[in-house]
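Q: Sequence:
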Amino acid sequence: MALGKSLLCFEAQRWGRLPHGQRVPWRDHSGLTDGLEQGVDLVGGYYDAGDHVKFGLPMAFTVTMLSWSMLEYGADVAAAGELAHALEAIKWGTDYFIKAHTQPDELWAEAATTTPATTMLEYGADVAAAGELAHALEAIKWGTDYFIKAHTQPDELWAEVGDGDTDHYCWQRPEDMTTSRQAYKVDRDHPGSDVAGETAAAMAAASMVFRKSNPHYAHLLLHHAQQLFEFADGYRGQYDSSIAEVKSYYASVSGYKDELLWAALWLHRATGKPGYLDYVVDNAHDFGGTGWAITEFSWDVKYAGVQILAARLLLRGEHTAEQKRTLERYQAKAEHYVCACLGRNAQAGGEDANVERSPGGMLYIRQWNNMQYVTNAAFLLSTYADYLAEAGVGTVTCAGGETAGAGEVAALARAQVDYVLGTNPRGVSYLVGYGAKYPARVHHRAASIVPYKHSKQFIGCSQGFEHWFGRRSSNPNVLVGAIVGGARPRTGSGTTGTTTCRRRRAPTTPRPWWGCSPSSTGWRGRRGSGELPRREAARRPRGKWI
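According to UniProt numbering, the sequence shown holds residues 1 to 546 in order.
It is possible that part of the hints are untrue.
What the hints assert, rightly or not - Between beta-carbon pairs, the in silico distance windows are: (1) Lys453 with Glu230: 42 to 48 angstroms; (2) Gly39 with Thr271: 28 to 34 angstroms; (3) Thr395 with Asp282: 28 to 34 angstroms; (4) Gly427 with Ala389: 31 to 37 angstroms; (5) His454 with Asp418: 33 to 39 angstroms; (6) Glu402 with Gln22: 48 to 54 angstroms; (7) His29 with Pro425: 54 to 60 angstroms; (8) Leu36 with Gly272: 38 to 44 angstroms; (9) Ala321 with His20: 51 to 57 angstroms.
Claimed, not checked - Here are the simulated DSSO-like cross-link-like pairs (lysine-lysine), alpha carbons at most 30 angstroms apart as the crow flies: (10) Lys247 with Lys544; (11) Lys324 with Lys544; (12) Lys456 with Lys544; (13) Lys453 with Lys437; (14) Lys212 with Lys247.
These are calculated hints, taken from the structure and not from any lab test.
Don't be surprised by glycine CBs; every beta carbon is placed ideally from N, CA and C.
Go ahead and model the full structure; you've got the sequences and the hints to work with.
A: Listed below in structure tokens is the structure:
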């Protein structure tokens, strides 16, 4: 039930001309001129949170994670009847990325969007068993279709469409949008290894999802992924140095080296070519893969995901004798992350040795939109527990020599999702539309205003603030599948955060579920202030080099 609801979030976040099978009735076509000013077709993809900007980096991460879930647990999605929708969601994003890659060394980097694709790789069979396979595939494809558009040349990728500053001064439906649709790209002269690397990872992961059902499309995705990786590695630099407009919203604080390792691992998994694994091994130290002991996994900081994927290769014996020692160092850092979530790294010392918990048991990583880190952690914990079980390994080794059982790892993952779905001090489901009690007012422009299909009367920037933003009643449109930012860490009550589509896992089974994370609009901001604080532009990755 949660799985099917959460996939609807992706359909609520769509940009472009909507298909006849659109299941969210209160949305209509929007953003049909994206890229027109630049002479490229950038229509499509997902917009970010409750805003109208398409940001390439978090959107690509979303598609990557969604694909990973399908590869691991696709049977669950299919059983839920959501496989086609999941594939469509991924493809909607990758088709846009292909559009945005306009030249070999050029990528358009920003336009408003949401988030994951790799979850199809890990959970595709489970997704299929849940009867949701079609919907999951649909969600992936919506993303990958956009990426194809955005990758207009081998060294050119469009990475942003829209402007966050002007967008925050308007409260409008997507169908009425009047804010800037300026598009921004990365290319040889303006590198963006992080956004190009993440887009390469998304397309490589998605290529495996579509390999059997659509081999031609899978080949196209893999071709783009390989080109993008060569571009990202050959012309190194952070995308927020090339696109200053993104710094206040999705700054690449961790740099681009984690994305290069991440992309190489996904390309190795997709192609089996040893050169990609050699790249991960040869750059393990210099790129921080075996140096960073990290306690978060997010759209910006990929090290924990890199370390778990590398540990998978070690556990499966997919390496040479020369590579084994380096992969063991990757695994040690992967288990540091796992143990940090379990609270077992006490002897390691330092403020970032373990992850804090709320009184109700929720992992607390960051104040801003904490639930995205919680659900990302739940996925990594569950996936790593599965990898251990497949390899017949029963324990993880924590800093200081303490051990933890693989069953404890899986149990913590289940507990975090249980918390999201209502097993928390407030007894509230943080997944909109799930359970008897869930948030009725979320920070989301489209959900908070009367549907365009019901009233085509134009609603301007100021009209939206004056007549809709401050309403105390429930949203006129229920944003089913949205996940609010999370409880306050000290009390376990209240909500914080923003709106993004994320990959999630089911409460008590190894099955995935997805959702968006909007904030409760109980928070009051003044008109023109941006409504919500900008993302933590000055934050640093939570972890340390050891």
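Q: So, for every hint listed, does it hold in this structure?
A: How the hints compare with the structure:
{"no.": "1", "hint": "Lys453 with Glu230: 42 to 48 angstroms", "in the structure": "44 angstroms, holds"}
{"no.": "2", "hint": "Gly39 with Thr271: 28 to 34 angstroms", "in the structure": "33 angstroms, holds"}
{"no.": "3", "hint": "Thr395 with Asp282: 28 to 34 angstroms", "in the structure": "30 angstroms, holds"}
{"no.": "4", "hint": "Gly427 with Ala389: 31 to 37 angstroms", "in the structure": "32 angstroms, holds"}
{"no.": "5", "hint": "His454 with Asp418: 33 to 39 angstroms", "in the structure": "37 angstroms, holds"}
{"no.": "6", "hint": "Glu402 with Gln22: 48 to 54 angstroms", "in the structure": "51 angstroms, holds"}
{"no.": "7", "hint": "His29 with Pro425: 54 to 60 angstroms", "in the structure": "42 angstroms, violated"}
{"no.": "8", "hint": "Leu36 with Gly272: 38 to 44 angstroms", "in the structure": "41 angstroms, holds"}
{"no.": "9", "hint": "Ala321 with His20: 51 to 57 angstroms", "in the structure": "55 angstroms, holds"}
{"no.": "10", "hint": "Lys247 with Lys544", "in the structure": "23 angstroms, holds"}
{"no.": "11", "hint": "Lys324 with Lys544", "in the structure": "24 angstroms, holds"}
{"no.": "12", "hint": "Lys456 with Lys544", "in the structure": "53 angstroms, violated"}
{"no.": "13", "hint": "Lys453 with Lys437", "in the structure": "28 angstroms, holds"}
{"no.": "14", "hint": "Lys212 with Lys247", "in the structure": "39 angstroms, violated"}
Comparing the model with each numbered hint stated earlier shows that hints 7, 12 and 14 do not hold.
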